[in-house]
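*Asks:* Read top to bottom, the protein sequences are chains A and B.
Each residue of the first sequence is one higher than the one before, counting from 1 in our numbering.
Each residue of the second sequence is one higher than the one before, counting from 371 in our numbering.
Please note that the accuracy of each hint is not assured.
What the hints assert, rightly or not - Simulated crosslink set (EDC-like; lysine to aspartate or glutamate; CA at most 20 Å straight-line):
#: 1; chain 1: A; residue 1: K59; chain 2: A; residue 2: E94
#: 2; chain 1: A; residue 1: K130; chain 2: B; residue 2: E538
#: 3; chain 1: B; residue 1: K472; chain 2: A; residue 2: D53
The hints are simulated quantities; they were obtained by calculation from the structure and are not laboratory data.
Note that the coordinates shown come from a computational prediction; the quantities given were computed from them, not determined experimentally.
Take a look at the letters that make up each chain.
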Amino acid sequence: MPKITLENIQKKFGKNTVLDGIDLELGEGEFTVLVGPSGCGKTTLLRLIAGLDQVSAGKILIGDRDVTRLEPRERDIAMVFQNYALYPHMSVYENMSFGLKARGVDAGEVKRRVIQVAEMLGIEILLNRKPKELSGGQQQRVAIGRAVVRDPSLFLFDEPLSNLDAKLRTEMRTELLKLHRELHATTVYVTHDQEEAMSMGDRIVVLNDGVIQQRGTPRDIYFHPVNLLVAGFIGSPSMNMLHGKISGDRFASLDGAIVVETKNLPDGDVILGIRPEDIHQPADLTAEQHGCVLNCRIDVIELLGARAIITLIVVGVELRAVIEERYLKGISEGSDLIVVFDPDRFHFFDAVTGRRLNRDRFDEEQGIDG
Amino acid sequence: MERFQHLRGRTSNLFLESLLIVALAVVLFPFVWIFVTSLKPPDLVAVPDVWIFEISGINWRNVLLESNIPQNIINSLVVGVVTVLIALAVGCPAAYSFSRFKSSAATRFSILAAEMMPPAIMILPIFLLLYQLSLIDTLWGVILAHLTFVIPVVTWFLIGFFDEVPRELEDQAMIDGCTHFQAFYKVILPVVRPGLAAAAIFGFVLSWNDMFYALILTGGESKTLPVAIAGFWTFRGVEMGKMAVAILIAIVPVLIVSFFVQKHLVRGLGGGAVKY
């Protein structure tokens, strides 16, 4: 499985620039997830890699082969679409064998490979059925099987799970990961679902407005978002953002509700980001970790099962926190709650540029440059 | 009160049903009348209000065995089938292109521009062209004339069917190893097969029913069925019985086929317009 290199990719539709200067290297056998809000250019990038659209400028290399101007059929890739794009007039077997036959593979070999992949995906009993006779999950499997059977250099997935219901989506996610571990195929996976991105990717690329915002491992992206956009997009519920000022190694939020000591950060207007998961009960943290203690009023409690999202009000500011269900005993909407923050988990962003300002303990542990 | 409403519902249903029966009677009566006329003995065909008579097969025998009608039917069939085959060969790629490559509503409707004009405007140039090509009174002449309105209609008809095929299907086919054209004929065309069948039937009916072009462009051996039907109006008067037989032959197959594809016909007539 070769690596994929994208060099300064640009895509314009008329005067509208959809992708601007994308440089990306996808390692051999790596599972890369392109994630970003709708319209950020992630599907366009995938279509450019597939050759379904032509780049306006830049180069695409698969291994050492420059495929920029090649037709999709010459690129040796396979793609799974959001709507599966199964050929409705063909049986599952014909769907899976279509690509091999189009490439002139001999009939015996086609049959052997289709049956082998069908067995691997547990769809061998469906081979004679037409796509309309299959459930959503089965159609999904056939679409994946059709890609796998070709044994291509590169797999492309365009939001393949978004048409499935929540339960099936989680199951298929695990299956896709298992399949990837088995095949070690270089894969590019597009999704708008940050949870899917976090759980599946070896590497995540966050796109917005046609520009790469950040690339890194899921941990990098989650713990060390390089700007407000990435911080706000990754994580659910999304990060709490508090406007404030740093002056003389001291951050104070505009309303004065939160005041914390800072280290080596320039004075000026900043935004403090706190993940809902980083708002704790006093008992969760050691006394040294209690960087900031707040008395809040509970506005809304949303129970998710083992955890709950609570909306807290502090001097008119809303904070969302995720707490374990066991802490819900004795508290109710309208009552007061004391919460603590670990200042090592604070994210400071420049209020004007949105760029991250601080290095934290995690960054140092991971050796990430600030 | 409830009972009253119930009664009112029943009355309005009855009213609607009676209206439908009257409408059906008005539409179907001519068919019944033509059928009855075709079975009347020659001395009774000109008497419209005679309903009880001895059934006679003489009109059918005259038309099928002793007239040129069978030849005219073959002419109409040849013209219809060839017209449709050419119209599909041209209209399919055209409709696909209109569907896939961005086209404004105005561009799409422009396909039908020629249909908006009265055919009388077209007939003189067509006649002169065919005359230059020595195609007057030949089946090819009629076919070429019919293509001027069957191709646009078939194209319009198919746009809506292509619009409904997800673009990802041809993307997938191209990734799977097809050229764009192979993706079109190996994947897209089989998917729109019902549309092709309906378009073919619709185009065939247009050609089969045409009287205007055929009347002007044919005269002798190449006469099509509608022109031949008109020919029963002779200097001795209208040969009503024979005419009735020929009319039945002309309309019944069309009615039967249209009945089976009516769902697709309605879909196709909406053309690309349903998306706007």
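*Asks:* Check the structure against each numbered hint from earlier and tell me which ones fail, lowest number first.
*Replies:* Violated hint (a single one): 1; every other hint is consistent with the structure.
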